[in-house]
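Student: The task is simple: from the sequences and hints, build the whole structure.
Heads up: the sequence lines are chains A and B, in that order. So the first sequence is numbered by our numbering: it starts at 1 and just counts up by one. So the second sequence is numbered by our numbering: it starts at 613 and just counts up by one.
Please keep in mind that the hints were generated in silico from the structure rather than gathered at the bench. Hints may contain errors.
[What the hints assert, rightly or not] Simulated DEER-style distance windows between Cβ atoms: (1) A:542 x B:762: 27 to 37 Å; (2) A:146 x B:1189: 24 to 34 Å; (3) B:751 x A:294: 50 to 60 Å; (4) B:979 x A:294: 49 to 59 Å; (5) B:1052 x A:542: 55 to 65 Å; (6) A:397 x B:1189: 37 to 47 Å; (7) A:515 x B:1070: 23 to 33 Å; (8) B:1189 x A:433: 24 to 34 Å.
Just so it is clear, CB atoms sit at the ideal spot from N, CA and C, and this is done for glycine as well.
Letter by letter, the chains look like this.
2 protein chains.
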Amino acid sequence: MLDRIKHLLIGPPLPTQQLGERRLNKLRALAAFSPDALSSIAYANQEIYLGLVVAGSAGLALSLPIGLAIATLLVIVALSYFQTIHGYPSGGGSYIVARSNLGTLPGLIAATALLIDYVLTAAVSLTAGVAAIASAFPALWPHRVLLAVVLLGIITVLNLRGLRETGTVMAVPVYLFLLTFFATLILGSLKLFAEGPGSLASAAPPPAQTLTAFLVMHTFAAGCTALTGIEAISNGVPAFYPPEAKNAGRTLLVMAVLMGLLFVGSVGLTQTLAVVAAPEETILSALARSILGRGPAYLLVQVATMLILAVAANTSFGGFPRVAALLAADGFLPRQFTGLGDRLVFANGIFALSAATAFLIVVFGGDTHALVPLFAVGAFLAFTLSQTGMVIHWRREQGGHWRLKLLANGGGAVVTGVALTIIGVSKFAEGAWITFAVIPITVAIFLKIHAHYQEVRKELSLRGLPPSIKPFPQPRIVVPISGVHRGMVDAIAFAQSVSKDVTAVYIEMEPGSGERIRETWKHWWPNVPLVILPSPYRSLVGPLLDFLDQTDREHNDGQIATVVLPEFVPAKWWHGLLHNQSGWLIKVALLYNRRRLGFQRAIIDVPYHLRR
Amino acid sequence: MLDRIKHLLIGPPLPTQQLGERRLNKLRALAAFSPDALSSIAYANQEIYLGLVVAGSAGLALSLPIGLAIATLLVIVALSYFQTIHGYPSGGGSYIVARSNLGTLPGLIAATALLIDYVLTAAVSLTAGVAAIASAFPALWPHRVLLAVVLLGIITVLNLRGLRETGTVMAVPVYLFLLTFFATLILGSLKLFAEGPGSLASAAPPPAQTLTAFLVMHTFAAGCTALTGIEAISNGVPAFYPPEAKNAGRTLLVMAVLMGLLFVGSVGLTQTLAVVAAPEETILSALARSILGRGPAYLLVQVATMLILAVAANTSFGGFPRVAALLAADGFLPRQFTGLGDRLVFANGIFALSAATAFLIVVFGGDTHALVPLFAVGAFLAFTLSQTGMVIHWRREQGGHWRLKLLANGGGAVVTGVALTIIGVSKFAEGAWITFAVIPITVAIFLKIHAHYQEVRKELSLRGLPPSIKPFPQPRIVVPISGVHRGMVDAIAFAQSVSKDVTAVYIEMEPGSGERIRETWKHWWPNVPLVILPSPYRSLVGPLLDFLDQTDREHNDGQIATVVLPEFVPAKWWHGLLHNQSGWLIKVALLYNRRRLGFQRAIIDVPYHLRR
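Tutor: Shown next as structure tokens:
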């Protein structure tokens, strides 16, 4: 039943040998890895607008210069990651690059930053996507949290189905967005050409603050979110068709060019057309509305924006589980994250990402602007560590043009490092501190887990054991019985089949009942000694545990007695309520006892199956 | 830790031999068994008032006649139960009497009616008690549900401590109530003597309905709740000091006289002093206020009323668990209800009663008046069946004065039967239907449970087995291994100690890993064959179950293989999260498989205890 629901949702299981086949061509890979990067313009634009509009028209006049600065940053970072792809064709995420070049600790910091970044990408993209559609349909505005969580659920299920299906589903919205948005930008340019620039001075609200250097820095920091997602391809190189690195590198360059055009084009048009947003509306919505009016074309743009942002959340579902699996393979996360699910995806990683994202969406009330400070820190920390790692990599590896490649990555490291500092300082109080606090805690947990696995590995080593391992002597067996009936027959027969030393034990809850039991017992099992234990306090497990401990001491043979538990298996689940759960009580007691004594007995469950 | 909290709440465990000693003297027994009966006047008065006030002063003028009719009923029922106590000195509740004289089905109907009655006694007493105190402190009125549930919790804990402690705690409020209430009635009589009767015509609100025969019947039916609780002593005869029946019978008569005086006195004074209630106030509170004013004496009466009603709920805690234990001993309820807890009380019955009562209080919003229709039906159905059973009993047993005794019980049966009909008809739509619906459903469940126990008993019988039961042949043992490490050593050694036929099985989740395992395996356990099972769909349990089924078929020896599960026992609970829960998965799968195949394999857990 559960299996069927599962198959309906995520499809039938796939054999492991299909793993190599689940590759993506470039068009599909662009759709799978670029949406975060492309759609970043939605919230980056919004952040620049919100950052500058408080300074009125004088502030908004700085939109384009700030946009161009960020675009320059984009070029540098893209070239830097182009080098990374060729340096690490097997998939060089920030974690691998930082770890292998800078050491374990920087690697773990990069990994943590990256995981946080993936969660925030999903959260920010979903909330921004819902904001885009709620700009067009204001009735949805109060239900943004619910809508974002529902979208998250849909994406989670699609990802559990596997990457290629995901690629197909996701390709349509990506190309729809590119098409409609470029068309809007072209129409906007024509409008600008025909009508001339608008007047910011008359359109902008009166300034609430004066324009300071800090305000500009602050806006630049928030706008840097435009770059988030650019690293996704370098993480997913093995998903491309061979030659993987070459195909991935080309896809990265195409993506960077598209990002730059969209970003600079939209920021530029917003400023020159003097667009300002209504309350409960995003600036991109205002831009599209001013160019296209309120007709179906505008609605199509908003739907496309929502869809690509939803798809952007999907980028995280590609990246997060992979990084978690890498960490788990190195022993920094529970082993379960390495397990490929039925559909050859890292199902546990997908679940973890989905849960964390839902948590953030709910806690931050579905507000993109509140999430952005947390977001930018993680992304730029990972960028900086990864680029710095690549610098070390090229110095060590050398090879053709290595100085040029080192320069590219060095430039990336410096500019992302500077951007990180600006973001950290200007956004600290607004939420960046959360990311700064979570990173060391997470790294400490990683190290703790790793230490545990190391210890267990040492403990489990067979080194030092004698060359041939001897079997134990036959176990002493104790069978707690509840009476003389058919349910005991199999248990005693099994106990006798595995040992000559079998003792039955009856806990006498009701004084005198033991003697009656002994009479019938003698008749059926004359060879099995029966010990009757009084239980003045009507406890089942107390006298049994005492007896076990006492006989272990008396025998003093280095062995602990094994317990055989006769267990009723009812035919219907509700029948289980009608039988004293003695077996269950004894099992729990032996477990609890083990915690006290530092050992646990072997327990043999011998089922007796009730036919009705 | 849990043990300590438990001891603090309910006291240390008591040995079974103290069971005989937990008896009550008459003063304590009156306090333990009478509060429900005595305190009934609180809600019976209220029901009579609410029933008649809608017909204005003409209605209220009928209070005393109706009160006298109910008092007559009380005398008949009390004499009837006096006979029951002497006919069944070992504790003759309605269930035992109806079952042994009328047969199983009437017995079960009586038992169900009784159980429902106990639950409703608790619910009605608690809500009425809270209403009494909220009449004096109107700020508490909106919090009646919460207050009632908190009181219920306190009473539950006291009962888990055991009956004698309960008797002591409860005696004070009972005698306080008797003292303060009789004092009030005496003062009221003096006032009546001094000032003369009041004028109902001027005090009563204008009539909303005309006075009809149905309205009178309806009020009589609701007022019959005054009798509830009168049967408690007949159920608890064994708790008295010997001679039990004589002591219990005398206590019953004392109780009936006190009930009659309180009831007729308060109804009579209410009518003759022309007392009417304010909104959010009970009529008893209005009576006390009109006699005592608003001073401390009035407050003391309200507190005493609240306390005795809380104590009345306690009567149910004496009765319900006993009836449940009787039913369980006869196989109509799960056996767990017969188990005496640490403190020699039927703890499971106490829990069940407490849960059901809390449910009713919450669902009916803590409103006594809404609960009364459900209440009266259960009580009078149990009365009628019990008295009818006694008629049969005397005819069968005969003995001294049997005709007189038969007449007493016959009279009881007739009047309670008539009252039941009146209640059922006039209160049907108001909630009596719920009780009528619940009774057959509950009886059906009792019969179903009984049938199951009968079948199991038959199935468990050793009759027909050969006189000497042979042990099984040595089991074939299969050990699923996760690798070659220290955790396997004990499991293999144990398996070898109990059987010569041991096979290790490795599920190859990652193609090729099996061969590496085989190499090391050969080195350490050359004598234990290792089977490597490919798992193309990365399922752990699928290939294992297939292998077990297949080898069972191949051996065709009538045996099913036993599984030895090596189990990691981590040193700290959170370490459990860091290991693949393979053992757990396999256990669940074997259980699930059993449901499909109709059998379950014996499972041997061999723990390996991680030191850190």
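Student: Evaluate each hint against the coordinates.
Tutor: Going through the hints against the structure:
1. A:542 x B:762: 27 to 37 Å: 34 Å, holds
2. A:146 x B:1189: 24 to 34 Å: 31 Å, holds
3. B:751 x A:294: 50 to 60 Å: 57 Å, holds
4. B:979 x A:294: 49 to 59 Å: 56 Å, holds
5. B:1052 x A:542: 55 to 65 Å: With a Cβ separation near 42 Å, residue 1052 of chain B and residue 542 of chain A fall outside 55 to 65 Å, so the hint is violated.
6. A:397 x B:1189: 37 to 47 Å: Holds, at about 39 Å.
7. A:515 x B:1070: 23 to 33 Å: 25 Å, holds
8. B:1189 x A:433: 24 to 34 Å: 29 Å, holds
Checked against the numbered hints given earlier, the structure breaks only hint 5 and satisfies all the rest.
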